[in-house]
Amino acid sequence: MKANRLQSKRIGLAILTLLMLVAVLLSLMVGVSHFTIGEIFSIIGQCFSAEGETSVADTVFWNLRMPRVVLCLLVGAALSVCGASYQSIFRNPLTDPYILGISSGASLGAAISILMGWESTLVGIGATALATALLTVLLIYKIASIGNRMHTSTLLLTGVCFTFLITAVISFLMVLNQDKMERIIFWTMGSFATASWSDVVAVAPCVVVGICVAIYYSKDLNLLLVGSETAKSLGVDVEKIKKHLLFFTTLMVAFAVSSCGVIGFVGLIVPHCIRLVVGPDNRLVIPYSIFVGGTFLLVCDTLARTVLQPAELPVGSITALAGAPMFIYLLYKSKKQL
Amino acid sequence: MIEVKNLSYAYGKKQILNDMSFGIAKGDFCAIMGPNGCGKTTLLKCIANLLPVKANTVFINGKDSTSYTIKMLARQIAFVPQHTPQDFEFSAFETVQMGRNPYQTHLQNESQKDWDIVEECMKQTNTWHLRFAPLSEMSGGEKQRVLLARALAQQTPIMLLDEPLSNLDISHQFEIIKLLRNISLNEKKTILLIVHDLNMAMRYCQSLLLLHNRNIVYHGDINKGLTPQNIKDYFGVDAIKENINNQPQIIYK
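Sequence lines, in order, name chains A and B.
Numbered per our numbering, the first sequence finishes at 338, counting up by one with no gaps.
Numbered per our numbering, the second sequence finishes at 253, counting up by one with no gaps.
Looking at chain A on its own, in the form it has when it is part of the complex:
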């Protein structure tokens, strides 16, 4: 049984990596300017031979398409791992950074940083987004844990209220500063259109560290799922682990939102689909979420920029088209517990 599980985990990860690579290749090929597989390999090959002049196609490939693909993978992985972690911490399959209002909290920070003129670096935006997102998490956690058990309805309503509140504050800020309106709207919609290597450089370290922390605590997350008291009686330092995880997952959300705005439902659908196949063990759900989440968001973004070419759809609308029905289904399934 033991050897079996380890083996199937390896096979699963191999298949998912392969799928991800196929998605990356397809995504690099399609778009306003098409590349064939041969062209892609020759462009990548040129890079190593370090000779010949750079053409327009090279620039499109290296400075527009490539960073966009990498950023999609990073953000998709981050949001899915955060979703899986929040679901275990709040012991509720209906939560993700978007539904809990944490993404909105981060977008408020991003908006404030623009108004204050700190937007020159992504790190400046990220730090402000992290501060407001952490504040949101803290408030939601305090409100939702009043009483013994965290009720689904309390948690969801708290998230909805925070989203409304923050949207209202952002609208207010926008009206006061109409010259910067366009840039702020970007954070409330979610898009990879402006993805650049500097975004990747700012987001990647946070995502890597955050994912490592989530993997490190994945066994403890399983124990949190059977209740805080039981987890403690089984040797889990519940308060410490919750603090660490909430901080690092929120760090991931804050930098993801800073780079591409609010994208909903990724953290909800991806872990749920994985659980349907492999069960609730977070030692499988979290590693799988990295690959499935990255691939899912990449496919969504590729659809967003190709379906109505040359116009671009907000990627959030594609994830919502898949995610909202899933959310309603989950709500329907768990309505007895509400």
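Hints were generated in silico from the structure; no laboratory data involved.
Some clues are possibly wrong.
Stated by the list, open to error - When the alpha-carbon atoms are kept at most 25 Å apart in a straight line, the in silico DSS-like pairs for lysine-lysine are as follows:
no., chain 1, residue 1, chain 2, residue 2
1, B, K71, B, K188
2, B, K123, B, K63
3, B, K63, B, K26
4, A, K243, B, K188
5, B, K241, B, K224
6, A, K240, B, K241
7, B, K232, B, K188
8, B, K113, B, K123
9, B, K14, B, K71
10, B, K14, A, K142
11, B, K26, B, K178
12, B, K26, B, K5
13, B, K123, A, K142
14, A, K9, B, K178
15, B, K26, A, K243
16, B, K224, B, K188
17, B, K123, B, K178
18, B, K71, A, K240
19, B, K63, B, K188
20, B, K188, B, K113
21, B, K178, B, K224
22, A, K240, B, K54
23, B, K71, B, K5
24, B, K253, B, K241
What the hints assert, rightly or not - Covered stretches of chain A (chain B as the covering partner; in silico rule of three or more C-beta atoms under 8 Å from a C-beta of chain B):
no., region
25, 16–25
26, 216–228
Stated by the list, open to error - Here chain A is said to cover these stretches of chain B; the calculated rule only asks that three of the stretch's residues, wherever they fall, bring their Cβ under 8 Å from a Cβ of chain A:
no., region
27, 4–10
28, 198–209
29, 234–246
All C-beta atoms in this analysis are idealised placements derived from N, C-alpha and C, irrespective of residue type, glycine included.
Guided by the hints, dock chain B onto chain A, whose structure is given.
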């Protein structure tokens, strides 16, 4: 084994436990009884350090319980709660496997030894055939046996159980309490459990810890403790005690 000295506990301003002191010997099979709301569950959680108790009030193996790390304490005390949430569907096997957590580091997977212990504990509680079934699809008796197996897998000298017999039909009540008594006799584990059925407790348990109004009103042999007078005083019910088939039975008037 367990030593409680001047333990008090309050939720906010509401005093639940008031200056309790008692000791539980190794290998005791002790019933905690008392009317609803007298602080039985709170007492159990204080002993297990699940509630923040003051230093030098609860001693496990002669050592202050607050000086243990959480993991080390989980190797001393196994706690079976009254309710287990099932929003996520872990199988029985995965549930019992969690009992091995106190012996593992964060990234460590289960060793062969862990798997053997899990199998043994599940066979002991007659749940091995249920190992692939999710907890949410089990009957009350099966679920209780799985949780018992998880507590056994912790391999602790002390087990605390919060109403393990509630929501079970009479045959499953007998099954669980006999299983617990065998564990206490064969493995010399110290077991404390909260029970409501006076006859069931009197028949199987060794000693009684009777709580009333935030205090311990009786601690000692269970047969001597459950007198008609005590039942009248602390539960407010008139009863007589009769010997039926050489077994003392409480009959309510």
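Do the hints match the structure? See the list:
no.: 1; hint: K71/B - K188/B; in the structure: 22 Å, holds
no.: 2; hint: K123/B - K63/B; in the structure: 33 Å, violated
no.: 3; hint: K63/B - K26/B; in the structure: 15 Å, holds
no.: 4; hint: K243/A - K188/B; in the structure: 39 Å, violated
no.: 5; hint: K241/B - K224/B; in the structure: 11 Å, holds
no.: 6; hint: K240/A - K241/B; in the structure: 52 Å, violated
no.: 7; hint: K232/B - K188/B; in the structure: 34 Å, violated
no.: 8; hint: K113/B - K123/B; in the structure: 15 Å, holds
no.: 9; hint: K14/B - K71/B; in the structure: 30 Å, violated
no.: 10; hint: K14/B - K142/A; in the structure: 22 Å, holds
no.: 11; hint: K26/B - K178/B; in the structure: 19 Å, holds
no.: 12; hint: K26/B - K5/B; in the structure: 17 Å, holds
no.: 13; hint: K123/B - K142/A; in the structure: 42 Å, violated
no.: 14; hint: K9/A - K178/B; in the structure: 41 Å, violated
no.: 15; hint: K26/B - K243/A; in the structure: 37 Å, violated
no.: 16; hint: K224/B - K188/B; in the structure: 23 Å, holds
no.: 17; hint: K123/B - K178/B; in the structure: 15 Å, holds
no.: 18; hint: K71/B - K240/A; in the structure: 13 Å, holds
no.: 19; hint: K63/B - K188/B; in the structure: 20 Å, holds
no.: 20; hint: K188/B - K113/B; in the structure: 22 Å, holds
no.: 21; hint: K178/B - K224/B; in the structure: 21 Å, holds
no.: 22; hint: K240/A - K54/B; in the structure: 20 Å, holds
no.: 23; hint: K71/B - K5/B; in the structure: 23 Å, holds
no.: 24; hint: K253/B - K241/B; in the structure: 10 Å, holds
no.: 25; hint: 16–25; in the structure: violated (count 0)
no.: 26; hint: 216–228; in the structure: holds (count 9)
no.: 27; hint: 4–10; in the structure: violated (count 0)
no.: 28; hint: 198–209; in the structure: violated (count 0)
no.: 29; hint: 234–246; in the structure: violated (count 0)
Of the numbered hints given earlier, the model fails hints 2, 4, 6, 7, 9, 13, 14, 15, 25, 27, 28, 29; all others are met.
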